[in-house]
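The residues making up each chain are set out below.
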Amino acid sequence: MERGSEMNEMVKLFVIVALFSGVAGGVLATVRSSTQARIEYQQLKFVKGPTIKTLMQGCSNDPLVDRFKISDGKIERSFFVGKFDGKASTVALETYGKGFAGDIGVIVAINVETDNILGIGVTTHSETPGLGSRAKSETFLSDQFKGLSIKDPLQLKNDGGAIDAISGASITSQGVCGAVVNSSEVYLRLKSNILEKLKTI
Amino acid sequence: MAKSVVQEFTKGLWAEIPPFRLVLGLCPILAVTKSVENGFGMGMATTFVLVCSNVLISLLRNVIPKKVRIACFIVVIATFVTVVELLMQAFLYPLFLKLGIFIPLIVVNCIVLGRAEAFAAKNGTVASLADGLGMGIGYTLALSLLAAFREILGNGTFTLPLVSTVIPVFPSSYQPFTFMIEAPGAFVGLGLMLCMMNMLGKK
Chain E
1 MERGSEMNEM VKLFVIVALF SGVAGGVLAT VRSSTQARIE YQQLKFVKGP TIKTLMQGCS
61 NDPLVDRFKI SDGKIERSFF VGKFDGKAST VALETYGKGF AGDIGVIVAI NVETDNILGI
121 GVTTHSETPG LGSRAKSETF LSDQFKGLSI KDPLQLKNDG GAIDAISGAS ITSQGVCGAV
181 VNSSEVYLRL KSNILEKLKT I
Chain G
202 MAKSVVQEFT KGLWAEIPPF RLVLGLCPIL AVTKSVENGF GMGMATTFVL VCSNVLISLL
262 RNVIPKKVRI ACFIVVIATF VTVVELLMQA FLYPLFLKLG IFIPLIVVNC IVLGRAEAFA
322 AKNGTVASLA DGLGMGIGYT LALSLLAAFR EILGNGTFTL PLVSTVIPVF PSSYQPFTFM
382 IEAPGAFVGL GLMLCMMNML GKK
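These protein sequence lines are chains E and G, in that order.
Under the working numbering, think of the first position of the first sequence as 1, with each following residue one higher.
Under the working numbering, think of the first position of the second sequence as 202, with each following residue one higher.
So here's chain E without its partners, still in its complex pose:
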């Protein structure tokens, strides 16, 4: 009899804790699903937003709102659309290159009519402050990509391209080039889908 009531007690405790956890899980799932879209937008606005805005200067829409996703194999890629002169002519996408101390995120804006690069900008990196970090804080490197065609060799001069590296930060510069090359490959691979999606915007 003694043993039975102890078992009952155990079961009761178990049920109560399980009930608490279940309700908590339900509440969290609700809050999460109702804030998810907004959080995604906030992250875009504050992390990638400033870069995208500078690249798409003069566009008539909000590239953060006009965005679409295309699945590229297992990865979903986000594209941001810039409208110039009433035409959705520019897409921006983010890819990563291998830097000196981790991945460098680079956003590349490409004109879909001419396949020229409108501009590039570094979003996230963990490069050495004062050396590699200049890829983000100064425009020396990113300015050189402006107006190049994505079919040009987008490499440093040492690697057979036309880009001057930041002195003291050749690995970082290589990483940025790598990211731009990545973007151009993704862009060419998905171009037909991109054009398809642009028609709907």
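I should point out that these hints are in silico values taken from the structure, not numbers from a laboratory.
Treat the hints loosely; a few may be bogus.
[Unchecked claim] EDC-like mimics (lysine to aspartate or glutamate), calculated; alpha carbons at most 20 Å apart, straight line:
id, chain 1, residue 1, chain 2, residue 2
1, E, Lys83, E, Glu196
2, G, Lys267, E, Glu9
3, E, Lys191, E, Asp115
4, E, Lys191, E, Asp66
5, G, Lys403, G, Glu286
6, E, Lys45, G, Glu383
7, G, Lys268, E, Glu6
8, G, Lys267, E, Glu6
9, E, Lys45, E, Asp72
10, E, Lys151, E, Asp103
11, E, Lys69, E, Glu40
12, G, Lys299, G, Glu383
13, E, Lys53, E, Glu185
14, E, Lys69, E, Asp85
15, G, Lys268, E, Glu9
16, G, Lys299, E, Glu40
17, E, Lys197, E, Glu6
18, E, Lys151, E, Glu185
Here the structure of chain E is known, so what remains is to put chain G in place on it, guided by the hints.
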């Protein structure tokens, strides 16, 4: 024992102001008081968690068995902390970027579990609400005060919370006492505050 609701509320503002009198919840007070904006934001987040968990726990105090009470309290607190984290990401993203890891760490802030265990589990809902609100506001005040002290000396500015307007306190010729916004400055600042509180409280 029969304190009025007003007394439960006001004790958190002075007589039992959490970091200075109870000396609880010191990790965030050392870590996030680099600017008034951060200190105030952290205080508000903690207040929200404190009020919600106090009310819910005092409502459920007769349902929660003694043996598993800590587990239940932590589940309740952790839920509210995650809610705060999500809401802050959705509505105050820049503040979330600054506070970062310290928001989830509210779960292990002694002051929240402390009030749940020492007060809400034994008192009525209204009293617990007053207690949580008082403690939370006291905590926010303490964080803001220390943050103001550190920011004014260490940076020569005062950042208005929520609107992020930076007001210069000293003229631009002021050479900032950067030590104060570094980590050791937090210890020194907190030490001075505790010392001052003890002097003021001395009969």
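Hint check:
1. A threshold of 20 Å between alpha carbons decides the hint, and for E/Lys83 with E/Glu196 the separation of about 16 Å falls inside it, so the pair holds.
2. The hinted pair formed by G/Lys267 and E/Glu9 meets the criterion: a straight-line CA distance of about 12 Å does not exceed 20 Å.
3. Distance check on the hinted pair: E/Lys191 and E/Asp115 sit about 10 Å apart at the alpha-carbon level, within 20 Å; holds.
4. Distance check on the hinted pair: E/Lys191 and E/Asp66 sit about 17 Å apart at the alpha-carbon level, within 20 Å; holds.
5. The suggested pairing of G/Lys403 with G/Glu286 is violated, with an alpha-carbon distance near 39 Å, which exceeds 20 Å.
6. Straight-line distance between C-alpha atoms of E/Lys45 and G/Glu383 comes to about 30 Å, which puts the hinted pair past the 20 Å bound.
7. This hinted pair checks out: G/Lys268 and E/Glu6 have alpha carbons roughly 13 Å apart, not beyond 20 Å.
8. Among the hinted pairs, G/Lys267 with E/Glu6 is consistent with the structure: their alpha-carbon atoms are about 15 Å apart, no more than 20 Å.
9. For the suggested pair E/Lys45 and E/Asp72, the alpha carbons sit about 24 Å apart, so the restraint of at most 20 Å is broken.
10. For the given pair, E/Lys151 sits about 24 Å from E/Asp103 by alpha-carbon distance, which is inconsistent with the 20 Å threshold.
11. In summary, the hint linking E/Lys69 to E/Glu40 is supported, as the alpha carbons are separated by about 13 Å, within the 20 Å threshold.
12. For the hint linking G/Lys299 to G/Glu383, the alpha-carbon distance of about 15 Å falls within 20 Å, and the restraint holds.
13. Under the criterion of a C-alpha separation no larger than 20 Å, the hint pairing E/Lys53 with E/Glu185 is inconsistent with the structure, at around 23 Å.
14. Distance restraint check for E/Lys69 and E/Asp85: the Cα-Cα separation of roughly 24 Å exceeds the 20 Å cut-off, and the hinted pair is therefore not satisfied.
15. Restraint check: the Cα-Cα separation between G/Lys268 and E/Glu9 comes to about 10 Å, which is no more than 20 Å; the hinted pair holds.
16. A hinted pair counts as satisfied when its Cα atoms are at most 20 Å apart, and G/Lys299 with E/Glu40 qualifies at roughly 18 Å.
17. For the suggested pair E/Lys197 and E/Glu6, the alpha carbons sit about 65 Å apart, so the restraint of at most 20 Å is broken.
18. A distance of roughly 9 Å separates the Cα atoms of E/Lys151 and E/Glu185; the hinted pair therefore holds under the 20 Å criterion.
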